[in-house]
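Just need the whole structure built from these sequences, with the hints factored in.
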Amino acid sequence: MKKDIHPTNYRLVAFKDMSNEEVFITKSCADTKDTLVVDGVEYPLIKMEISSSSHPFYTGKTKLVDTAGRIDKFRSKYAKKG
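In case it helps, the working numbering puts the sequence shown at residues 6 to 87.
Don't read these hints as lab results, they were simulated from the structure.
Check before you lean on any hint, since a few could be wrong.
To be verified - FRET-style restraints, in silico, Cβ to Cβ:
#, residue 1, residue 2, range
1, Asn-14, Ile-55, 20 to 28 angstroms
2, Thr-13, Lys-85, 53 to 61 angstroms
3, Phe-79, Ile-10, 40 to 48 angstroms
4, Met-6, Thr-31, 16 to 24 angstroms
5, Tyr-15, Val-43, 14 to 22 angstroms
6, Met-23, Lys-78, 19 to 27 angstroms
7, Arg-16, Gly-74, 19 to 27 angstroms
8, Asn-25, Glu-47, 20 to 28 angstroms
9, Thr-13, Lys-66, 38 to 46 angstroms
10, Lys-52, Lys-82, 23 to 31 angstroms
11, Ile-76, Pro-12, 38 to 46 angstroms
12, Asn-14, Tyr-83, 41 to 49 angstroms
13, Thr-13, Ile-76, 45 to 53 angstroms
All figures in this text were calculated on a predicted structure; none of them were measured in a lab.
In this text, a Cβ means the ideal position worked out from N, Cα and C, and glycines have one as well.
Printed below as a string of structure tokens:
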């Protein structure tokens with residue numbers, strides 16, 4: 006194995022799913038400025054928009070997305086004037 010090619014800051018990190026507030030603790034070398042205290046221990050924090058605990062594929066629940074409102078907003082914004 007080659008020397009000095011692997012990250013040196015490999016440590017336990019808290020990943021927080023912002024859609025359902027669930028927290029996972031796992032090892033990572035991702036840089037972060039935020040921290041989170043879990044069970045009295047402070048971990049670096051990575052915020053995620055979606056994870057396996059909130060993704061419809063894994064949960065079996067579908068989310069209603071307001072696509073009609075988005076399309077109308079897009080059309081009114083980029084409609085040809087004239």
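Here is what the structure says about each hint:
no.: 1; hint: Asn-14 x Ile-55: 20 to 28 angstroms; in the structure: 25 angstroms, holds
no.: 2; hint: Thr-13 x Lys-85: 53 to 61 angstroms; in the structure: 56 angstroms, holds
no.: 3; hint: Phe-79 x Ile-10: 40 to 48 angstroms; in the structure: 46 angstroms, holds
no.: 4; hint: Met-6 x Thr-31: 16 to 24 angstroms; in the structure: 23 angstroms, holds
no.: 5; hint: Tyr-15 x Val-43: 14 to 22 angstroms; in the structure: 19 angstroms, holds
no.: 6; hint: Met-23 x Lys-78: 19 to 27 angstroms; in the structure: 23 angstroms, holds
no.: 7; hint: Arg-16 x Gly-74: 19 to 27 angstroms; in the structure: 42 angstroms, violated
no.: 8; hint: Asn-25 x Glu-47: 20 to 28 angstroms; in the structure: 22 angstroms, holds
no.: 9; hint: Thr-13 x Lys-66: 38 to 46 angstroms; in the structure: 41 angstroms, holds
no.: 10; hint: Lys-52 x Lys-82: 23 to 31 angstroms; in the structure: 29 angstroms, holds
no.: 11; hint: Ile-76 x Pro-12: 38 to 46 angstroms; in the structure: 43 angstroms, holds
no.: 12; hint: Asn-14 x Tyr-83: 41 to 49 angstroms; in the structure: 45 angstroms, holds
no.: 13; hint: Thr-13 x Ile-76: 45 to 53 angstroms; in the structure: 48 angstroms, holds
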